[in-house]
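There are 2 protein chains.
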Amino acid sequence: MAEQAPNRVDRRKARTRAALVRAAQTCIAEGRTAVPILEITQLADVGMGSFYNHFETKEQLFQAAVEDALEAFGSTLDTLTEDIDDPAEVFAQSFRLTGRLHRKHPELSLVLLHNGLALASSGQGLAPRARRDIEAAVRAGRFIAVRDTDLALAVATGAALTLGRLLHDEPGRDDAAATDLVTEDLLRMFGVPAAEARALCQRPLPDPDTLPERDTAA
Amino acid sequence: MAEQAPNRVDRRKARTRAALVRAAQTCIAEGRTAVPILEITQLADVGMGSFYNHFETKEQLFQAAVEDALEAFGSTLDTLTEDIDDPAEVFAQSFRLTGRLHRKHPELSLVLLHNGLALASSGQGLAPRARRDIEAAVRAGRFIAVRDTDLALAVATGAALTLGRLLHDEPGRDDAAATDLVTEDLLRMFGVPAAEARALCQRPLPDPDTLPERDTAA
Numbered sequence: 001m002a003e004q005a006p007n008r009v010d011r012r013k014a015r016t017r018a019a020l021v022r023a024a025q026t027c028i029a030e031g032r033t034a035v036p037i038l039e040i041t042q043l044a045d046v047g048m049g050s051f052y053n054h055f056e057t058k059e060q061l062f063q064a065a066v067e068d069a070l071e072a073f074g075s076t077l078d079t080l081t082e083d084i085d086d087p088a089e090v091f092a093q094s095f096r097l098t099g100r101l102h103r104k105h106p107e108l109s110l111v112l113l114h115n116g117l118a119l120a121s122s123g124q125g126l127a128p129r130a131r132r133d134i135e136a137a138v139r140a141g142r143f144i145a146v147r148d149t150d151l152a153l154a155v156a157t158g159a160a161l162t163l164g165r166l167l168h169d170e171p172g173r174d175d176a177a178a179t180d181l182v183t184e185d186l187l188r189m190f191g192v193p194a195a196e197a198r199a200l201c202q203r204p205l206p207d208p209d210t211l212p213e214r215d216t217a218a
Numbered sequence: 001m002a003e004q005a006p007n008r009v010d011r012r013k014a015r016t017r018a019a020l021v022r023a024a025q026t027c028i029a030e031g032r033t034a035v036p037i038l039e040i041t042q043l044a045d046v047g048m049g050s051f052y053n054h055f056e057t058k059e060q061l062f063q064a065a066v067e068d069a070l071e072a073f074g075s076t077l078d079t080l081t082e083d084i085d086d087p088a089e090v091f092a093q094s095f096r097l098t099g100r101l102h103r104k105h106p107e108l109s110l111v112l113l114h115n116g117l118a119l120a121s122s123g124q125g126l127a128p129r130a131r132r133d134i135e136a137a138v139r140a141g142r143f144i145a146v147r148d149t150d151l152a153l154a155v156a157t158g159a160a161l162t163l164g165r166l167l168h169d170e171p172g173r174d175d176a177a178a179t180d181l182v183t184e185d186l187l188r189m190f191g192v193p194a195a196e197a198r199a200l201c202q203r204p205l206p207d208p209d210t211l212p213e214r215d216t217a218a
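Protein chains in written order, with the UniProt record's numbering: chain L, 1 to 218; chain B, 1 to 218.
One chain only, chain L, in its complex shape (with noise of 0.2 angstroms):
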């Protein structure tokens, strides 16, 4: 019974900590990020005191709650992307899985594109996972106009970030289109020959709410 003990408390403290992040991302998607620690503890169904046993200040939370929800998001593509060998056609999937998103799950969506330039610069989440696939590409000599990894980065996820911008601004835009197109193009823009380029957007993409253990906060 004592070495249960504590595997009880930890999964109860980790339900919490669950808990307030999720509160937490819910408050991010809908702007209120000046809303009082209460309202979150309240929204998470919590006492006021769990707060503290995890995070120190609002700032804290909501910075876990962002980078939650990226990793989640993030370890699914390297799931749905584990069997493709070409390097090039692994930066491409996730990115048009990742342009997806914004329609499919606006929430977790607009948590990315409300700290979208901070994140773009964190060492966690889909920058990250990018650079790895720029640059495995790059050493593949698939991608031989890339002459600067952090600068391909940079201009890849700004263009993600206002692709996602431009969807919720325009709700009659055909996602799929939109995103693939960009898709195209920084391709092209790395080195990858047009009709190439072209045909990897083109190719069937899984579904990423069919993986079994998904675990998003979205």
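Just so you know, the hints here were simulated from the structure itself, not pulled from any lab data.
Check the hints yourself; a few may be wrong.
Label-pair ranges, simulated between beta-carbon atoms [to be verified]:
1. L:Thr57 with B:Lys104: 29 to 39 angstroms
2. L:Arg32 with B:Ala14: 27 to 37 angstroms
3. B:Gly47 with L:Ala145: 25 to 35 angstroms
4. L:Ile84 with B:Lys104: 42 to 52 angstroms
Here are a few chain L residues that face chain B, going by a calculated C-beta distance under 8 angstroms [stated by the list, open to error]:
5. Val46
6. Gly49
7. Leu181
Covered stretches of chain L (chain B as the covering partner; in silico rule of three or more C-beta atoms under 8 angstroms from a C-beta of chain B) [as the list claims (entries may be wrong)]:
8. 24-32
9. 78-92
10. 184-192
11. 201-208
Note that CB positions come from ideal geometry on N, CA and C, so glycine has one too.
We have chain L already, so just place chain B on it with the hints.
Quick look at chain B alone, frame taken from chain L:
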């Protein structure tokens, strides 16, 4: 005398508004958007009551501050490019000068980055000018690979924002070299042949600060 009075009052009102806008730009650049209105009026050296003669809320002032800064810079870019016939070169020069703004005028740059994604779809400032230049280059047969102006603009504004973020995050990086490389990549993506894109980005640039009647807040 009666005819002169309104002009004098108008001039004073304009001065008060400009002082509030400058104070707000300083606060935004320092990330202090939670600053009380009283502190902004003290920084502007105007009475608290003056604030409400011009703005209903602090958010309205902040919005005006950002738009003012970008309009001023955009207008400078217009002046500097008015003698250039090739719309691809107009786009290139404006993008190259915008990239150099972050180090030269870090305060204005931070105003821009702090509100970046929302401004990217704004009807004022730099985005509509970039759209105008892209559309002109498409019409002139210079940007032959642009199939959707909205998406081309989204990628360009996204690249401009993440480039600015990168230049703040990496103070040791050569801002001119990084900016010109991104500009060259965008030109190639828009359909300008690689050698020509490179040549366009090596042209000498005018200095925005030498304009006699420059009216930015930076």
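Could you work out which earlier hints the structure fails to respect and list their numbers in ascending sequence? The structure breaks hints 3, 5, 6, 8, 9 and 11; every other hint is satisfied.
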